[in-house]
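Given the coordinates of chain A, assemble chain B onto it according to the supplied hints.
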Amino acid sequence: MTTTEGKRATYKQRYEEGDDGLRFQDLTYVGNFHGMEPVTDGIKGDKMMKARAKSGVLEKVSKEDVLRDEFTIPELNDLNNYLAWNIWDVLVMRATEGVSGMIPRQEYEILAFMHEFYRWPEILRMTTKEAGGAQAIMDIGASARRGIGTKVNAVHDWCIGAVGFGMGRCGLLALEVIGPDDYIGESNEILKFMQRILWGKRQDGYILNSQDRYRCRIHEPDFLSQITAQIEPLEAGSPKHAAFTQFKVAAELLSFLDHYDCRLGLGDTGPYELPDGQLLILRDLFVNEEVFHWSDVCDDENLPHCYTLALTIDPEKMGLNEIRVNDISTTFTRPKNYIEAITGGAVFAREKWNTPMGEVYPIKVDDLGDHLGRVQNATLKLYSKTARMNRRDLIWNGQYVYYVDMILPHMRLAGTYEKACRDYDLWEIDQRVANYYYDITKRGFAQETVPSKIFSGAGYLPFSEDADRRNSKGRWL
Amino acid sequence: MAEVLAEGYNVFDTAKSPSGTIKYLSAPADVINLIKSGKLQEHILLVRGGTTTFLAPALSMGAIGVITMSGAPESHLGILSREFQTPCVMTAYLTDSDSRYVVGQTGDEHFEEIAKALDGRKVRLDCTDHEVGRVVADD
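Sequence lines, in order, name chains A and B. With the numbering used here applied, the first sequence covers 1 to 477. With the numbering used here applied, the second sequence covers 1 to 139.
In isolation and in its complexed conformation, chain A is listed as follows:
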């Protein structure tokens, strides 16, 4: 190790009730709480947001609560505020990244946010109905407890509410095309769907990792034991360690690229503490999403839908002080560098999104060389292909990655994806959003408003306390 030699791991203190966690950033969040103490990131921030809630929706809730048809206005406002803080918590620093030089991400993101808010409610309502009701949606969430290589994961499930409702509504408010009390019924539809999926997946009463000190420990113990049985020891500095980490990063890179530089291609769960004190992280890397036409280069290399990596980290070796698996499925640690503390690994492949778990197969670390070459070939081909695309194609392709992929796994398991394509024109662009394409580059809307309103948590206006929960949009004036 480098600069952490000799330091003891203290990360377990983060799970003590009175502990407020570490600060990962100096910035603070205000949101709708003007005149009050600014909210921090991390565990302390979660506590502050829960303390400011006016309903019980941010505490552990019961199955009956989740099955209820809709949220009350105070519950909607608490969820709106909490999601705004959570978005700020995970994205405010990422949002400093500026231009891509290749994919206009801010532009495709804002279009997707607004498209989702308009189009998802009726699709999610149809999906709930076709699946058999609220319990069936909770069961879809629960399916992730016995699976790897599934996009029913933290980032996708979080996106339903945080992106489709939160960022979508925030973007439309910033564009001044809706008011705070418009689309309340639709907001309820989106948030209920999110709550049911997440509650069914976690089964502990919470819905978000940040509510549980940034833990996403969803897998059943007997399922996990099948995974850990395949883990091979990896000694830092050894060829095997290098082979594993080299494959890991190459697959991570392709997952980002296939999903247009967004995190929908990656999904972490954990940390799971193993009997020997090591921490286990499971990482799904979706390197070949078949609904994207540009994934043909991944098909050419015979890449599976997903590689899943199991990696163990020695917390003592790195002097681990805090580990967060956040709600966009990304692991961050303090100290920051956990790679040299990886002590074991295993790799699995799931050929298609619906390949039965019994047919998911392990790949020995010594056999990763062939896979690495194919992943690198696909990366170069996809880069070359993407570099030739014009701006408009890049923006709409990226828009589809968000707007379709964020709810694709839930529709697939509900059996409603084809119906959404056929009867709901899923892959068409709503006329309103098509027109916004020309608005978002004016006055720096995408480059300035998105970071300043959406990722800063500043534009998430509350619903009026006396607003009617049935409100849609009554007038365009």
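A couple of the hints might just be wrong.
Stated by the list, open to error - No more than 20 Å apart at the CA atoms, straight line, and that leaves these computed lysine to aspartate or glutamate pairs for EDC-like: (1) A:K317 x B:D13; (2) A:K317 x B:E83; (3) A:K336 x B:D129; (4) B:K16 x A:D430.
It should be emphasised that the hints constitute simulated quantities derived from the structure, not laboratory data.
The following block gives chain B in isolation, referenced to the frame of chain A:
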């Protein structure tokens, strides 16, 4: 004491201290040409943004060090450079200039100033500090 030309966020602390000539990459064609030249590992790569896709093939083919003019360790390029164990300094600013990057408010002149000052310089990255990464003259 070697001259510190620029500083920024250190993505992860590491004893690795790559040395090379800074190469400013402004378009995907620059990335492809550098890889085709076979000289990728002679250069510290300087880019404007903090996203991953732009540098994807360079990271994949073994870039030794990266400097960005925007972004943070939480940005996608930050995450990937940590995973690649490629030392990376993000949102770098020139130590002899007052110009700083502010999201949505920074004009092209800021980026051009940095590119002009650093492109072609022989440097070494110092990423041993928990928070601050340094670009040190190695001429």
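Status of the hints after comparison with the structure:
Between A:K317 and B:D13 the CA atoms are separated by roughly 15 Å; this keeps the pair inside 20 Å, and the hint holds. Taken as a hint, the A:K317 and B:E83 pair is honoured in the structure, with Cα atoms around 18 Å apart against an allowance of 20 Å. With a C-alpha separation of about 11 Å, the suggested pair A:K336 and B:D129 falls inside the 20 Å cut-off, and the hint holds. The straight-line distance between the Cα atoms of B:K16 and A:D430 is roughly 50 Å, outside the 20 Å bound, and the hint therefore fails.
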